[in-house]
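J.: Those sequence lines, one after another, are chains A and B.
Numbering-wise (our numbering), the first sequence opens with residue 5 and increments by one.
Numbering-wise (our numbering), the second sequence opens with residue 5 and increments by one.
Don't read these hints as lab results, they were simulated from the structure.
Computed from a prediction, not measured in an experiment: that's the story for all the values here.
Be a bit skeptical, because a hint or two may be false.
Stated by the list, open to error - Derived list of chain A stretches under chain B, where covered just means 3 residues or more per stretch with a C-beta under 8 Å from a C-beta of chain B: (1) 35-44; (2) 47-60; (3) 86-97; (4) 122-134; (5) 147-159.
What the hints assert, rightly or not - Residues from chain A that keep clear of chain B, each with C-beta distances beyond 10 Å, as calculated: (6) Ile27; (7) Gly100; (8) Lys140; (9) Leu213; (10) Asp237; (11) Lys263; (12) Thr282; (13) Gly308; (14) Ser313; (15) Tyr317.
Note that beta-carbon positions come from the ideal geometry of N, C-alpha and C, so glycine has one too.
There are 2 protein chains.
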Amino acid sequence: MNERTEVSSLGEFALIDHLTKNIEIHNVSSILGVGDDAAVIDHFGKQTVVTNDLLIEGVHFDLMYTPLKHLGYKTVAVNVSDICAMNATPTQILLGIAFSNRFSLEALDDFYEGVYAACEQYKVDLIGGDTTTSQKGFIISCTAIGEVAPDKYVTRKGAQKGELLCVTGDLGAAFLGLTLLEREKKIFLENPKVQPDLEGETYTVGKILKPEARVDVIEYFEKTGITPTAMIDVSDGLSSEILHICQQSGVGCVLYEEKIPVTEETRKAAFKFNLDPTACALSGGEDYELLFTIKQDDFEKLSGENSISVIGYITDEDAGANIITKGGGKHPITAQGWNAFK
Amino acid sequence: MNERTEVSSLGEFALIDHLTKNIEIHNVSSILGVGDDAAVIDHFGKQTVVTNDLLIEGVHFDLMYTPLKHLGYKTVAVNVSDICAMNATPTQILLGIAFSNRFSLEALDDFYEGVYAACEQYKVDLIGGDTTTSQKGFIISCTAIGEVAPDKYVTRKGAQKGELLCVTGDLGAAFLGLTLLEREKKIFLENPKVQPDLEGETYTVGKILKPEARVDVIEYFEKTGITPTAMIDVSDGLSSEILHICQQSGVGCVLYEEKIPVTEETRKAAFKFNLDPTACALSGGEDYELLFTIKQDDFEKLSGENSISVIGYITDEDAGANIITKGGGKHPITAQGWNAFK
Numbered sequence: 005m006n007e008r009t010e011v012s013s014l015g016e017f018a019l020i021d022h023l024t025k026n027i028e029i030h031n032v033s034s035i036l037g038v039g040d041d042a043a044v045i046d047h048f049g050k051q052t053v054v055t056n057d058l059l060i061e062g063v064h065f066d067l068m069y070t071p072l073k074h075l076g077y078k079t080v081a082v083n084v085s086d087i088c089a090m091n092a093t094p095t096q097i098l099l100g101i102a103f104s105n106r107f108s109l110e111a112l113d114d115f116y117e118g119v120y121a122a123c124e125q126y127k128v129d130l131i132g133g134d135t136t137t138s139q140k141g142f143i144i145s146c147t148a149i150g151e152v153a154p155d156k157y158v159t160r161k162g163a164q165k166g167e168l169l170c171v172t173g174d175l176g177a178a179f180l181g182l183t184l185l186e187r188e189k190k191i192f193l194e195n196p197k198v199q200p201d202l203e204g205e206t207y208t209v210g211k212i213l214k215p216e217a218r219v220d221v222i223e224y225f226e227k228t229g230i231t232p233t234a235m236i237d238v239s240d241g242l243s244s245e246i247l248h249i250c251q252q253s254g255v256g257c258v259l260y261e262e263k264i265p266v267t268e269e270t271r272k273a274a275f276k277f278n279l280d281p282t283a284c285a286l287s288g289g290e291d292y293e294l295l296f297t298i299k300q301d302d303f304e305k306l307s308g309e310n311s312i313s314v315i316g317y318i319t320d321e322d323a324g325a326n327i328i329t330k331g332g333g334k335h336p337i338t339a340q341g342w343n344a345f346k
Numbered sequence: 005m006n007e008r009t010e011v012s013s014l015g016e017f018a019l020i021d022h023l024t025k026n027i028e029i030h031n032v033s034s035i036l037g038v039g040d041d042a043a044v045i046d047h048f049g050k051q052t053v054v055t056n057d058l059l060i061e062g063v064h065f066d067l068m069y070t071p072l073k074h075l076g077y078k079t080v081a082v083n084v085s086d087i088c089a090m091n092a093t094p095t096q097i098l099l100g101i102a103f104s105n106r107f108s109l110e111a112l113d114d115f116y117e118g119v120y121a122a123c124e125q126y127k128v129d130l131i132g133g134d135t136t137t138s139q140k141g142f143i144i145s146c147t148a149i150g151e152v153a154p155d156k157y158v159t160r161k162g163a164q165k166g167e168l169l170c171v172t173g174d175l176g177a178a179f180l181g182l183t184l185l186e187r188e189k190k191i192f193l194e195n196p197k198v199q200p201d202l203e204g205e206t207y208t209v210g211k212i213l214k215p216e217a218r219v220d221v222i223e224y225f226e227k228t229g230i231t232p233t234a235m236i237d238v239s240d241g242l243s244s245e246i247l248h249i250c251q252q253s254g255v256g257c258v259l260y261e262e263k264i265p266v267t268e269e270t271r272k273a274a275f276k277f278n279l280d281p282t283a284c285a286l287s288g289g290e291d292y293e294l295l296f297t298i299k300q301d302d303f304e305k306l307s308g309e310n311s312i313s314v315i316g317y318i319t320d321e322d323a324g325a326n327i328i329t330k331g332g333g334k335h336p337i338t339a340q341g342w343n344a345f346k
């Protein structure tokens, strides 16, 4: 057990073979995958949706409490989430990784185990990528590709006055999971003999370490004939995402605090840290739920999907973006989302 | 002059706006670009070709002698080159960058100036990406997308006995340019007062700092009706690329040393370092020329393009991959290409 194989003992091509030999292809559109200068895709008359993300150790993740398998899963999930946010179906990913000699072949296997689990979960094909060294830490570049019927993609720009503001799942849990892991890390660094106290925190910790992309909601939209007018995924916190939709659509909105979905587990975790659960939902981020607007006529179509909450409505731009608190107060929504440059 | 603006003074979204405000769109297939969760592409019945690359400071480039503008240009060029190697036309790129606070806004502007110059040169559209921080150095992730008529893409697998082995342009120059820059860096580090001696070395230094992708050759193929049977771009050295084609096609080959295109500038530079020009072409890499095989019937169609050299022919697999030297000796071709993990 705990074998350690140096990556340098394989060489680049043997390493790529090793990491990609178990690839399973789920989509007929994946014509040519790993092993050539580029991959080839045929979307048969659909439009192609594409996004990419860079994830850097020490900036986007901390390997002290992030298992590599979870990191692999999350890498795919967060990129798939961006494809979902366009109302598209994810189909392929390309994955580039760079790592220092601190990482063994077994560590890379753990990471890829998570990647393949997510590919299986979301039925996406790993069709290409790059594998190289870094001077420091683990660096991940992920490109996700999806398909959508011609002109059925949904941007952040289409929200109109009178439409409903909706969000999937629940919010704030990932931020509290992260807060908890950061606390346990601090305690561990001060006294390595103290064991982490994560009892009863499975939900929040699970949300930060292994988020899921809402492919199921995109499928529900297609099945029920709902086309959101604007959509974005909640990666930086609800406030920040609402403001993106309002600014890009040229509208305002009213958000009801009492309608924001926050689970009991999240509330309890928030109170432990003397945090306001609503603030965690508004500013926390990393929820990877979908925030979208729909026409009022589509309201009844939501009834079959109890993981969607109507949290407010769209107004004129002049009215601004406001939250009505539980106490009845009205306040402008401000973005306090994550900024990598601060 | 030499102003320095801290990136942190802008924040992420203002930075993205700043870096992408001058984007020009060249392709009708670029339906939706920068500014949403993902970009949207419509290739109108063509197949999509996609590749990605990670470039890490200290591993793939040295900013001590690589101007950021050249680095931006090269990032696009090397990814476009992979698209060309599939016999496809490059159409879009996505660009992710991560950088430490050592990099000012002006430095990023230099980098993007090169990126946009390459987008203009190759008529590709920058349609998305990611902008974030790194703990150390400059990290680049580039995804390039291209289009090809259905099933007209060319892999490394199609070479057959009797076909001609061809290469574009000339080889070995980039390796000598790099050798020269590394020597000047070493001299500078030992004695910072010594000025770099790059006189007469414009060609080799130009090839390493600002390589060009052979989009022109792909256009020539289309115009003259040539479809290569196998193709790869020369990034790791001629030997390594020939072996990829032979192994993946299940064939052998004969390569004539005297036919390998090496310019007079490259020969002179090689002799200065007591290096064999042929060895530089075989093992140097970073040439970004195209290596391909064609049927003998297509030979006459090459006559209109004097930048293509026939350097050998394809044999049975059993005959192996061999080079016939200028002296008439026959030796197996061995890969000594670049390995990031050694």
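J.: Determine for every hint whether it applies to the structure shown.
T.: Do the hints match the structure? See the list:
1. Restraint check on the stretch 35-44 of chain A versus chain B: 8 residues with Cβ-Cβ distances below 8 Å, three needed, restraint holds.
2. Counting residues of the stretch 47-60 of chain A whose CB lies closer than 8 Å to any CB of chain B gives 11, which reaches the minimum of 3, so the coverage claim holds.
3. Counting residues of the stretch 86-97 of chain A whose beta carbon lies closer than 8 Å to any beta carbon of chain B gives 6, which reaches the threshold of three, so the coverage claim holds.
4. Counting residues of the stretch 122-134 of chain A whose CB falls under 8 Å from any CB of chain B gives 4; the rule of at least 3 is met.
5. Check result for the stretch 147-159 of chain A against chain B: holds, 8 residues qualifying (beta carbon to beta carbon below 8 Å, three or more required).
6. Every CB of chain B lies more than 10 Å from the CB of isoleucine 27 of chain A, the least distance being 16 Å, so the non-interface label holds.
7. Not every CB of chain B is more than 10 Å from the CB of glycine 100 of chain A (nearest about 4 Å), against its label as outside the interface.
8. Residue placement check: lysine 140 of chain A does not keep its beta carbon more than 10 Å from all beta carbons of chain B (closest about 5 Å).
9. The beta carbon of leucine 213 of chain A is kept farther than 10 Å from every beta carbon of chain B, the shortest such distance being approximately 20 Å.
10. Aspartate 237 of chain A, annotated as away from the interface, has a beta carbon of chain B within 10 Å; the closest lies near 6 Å.
11. Non-interface status of lysine 263 of chain A relative to chain B is upheld: no Cβ of that chain comes within 10 Å, the nearest being about 24 Å off.
12. No beta-carbon of chain B comes within 10 Å of the beta-carbon of threonine 282 of chain A; the shortest separation is about 24 Å.
13. The non-interface label for glycine 308 of chain A is consistent with chain B: the shortest C-beta to C-beta separation is roughly 25 Å, beyond 10 Å.
14. Distance check for serine 313 of chain A against chain B: the nearest CB is about 20 Å away, which clears 10 Å, and the non-interface claim stands.
15. Residue-level check passed: tyrosine 317 of chain A sits 22 Å from the nearest beta carbon of chain B, beyond 10 Å.
Comparing the model with each earlier hint shows violations of hints 7, 8, 10; every other hint is respected.
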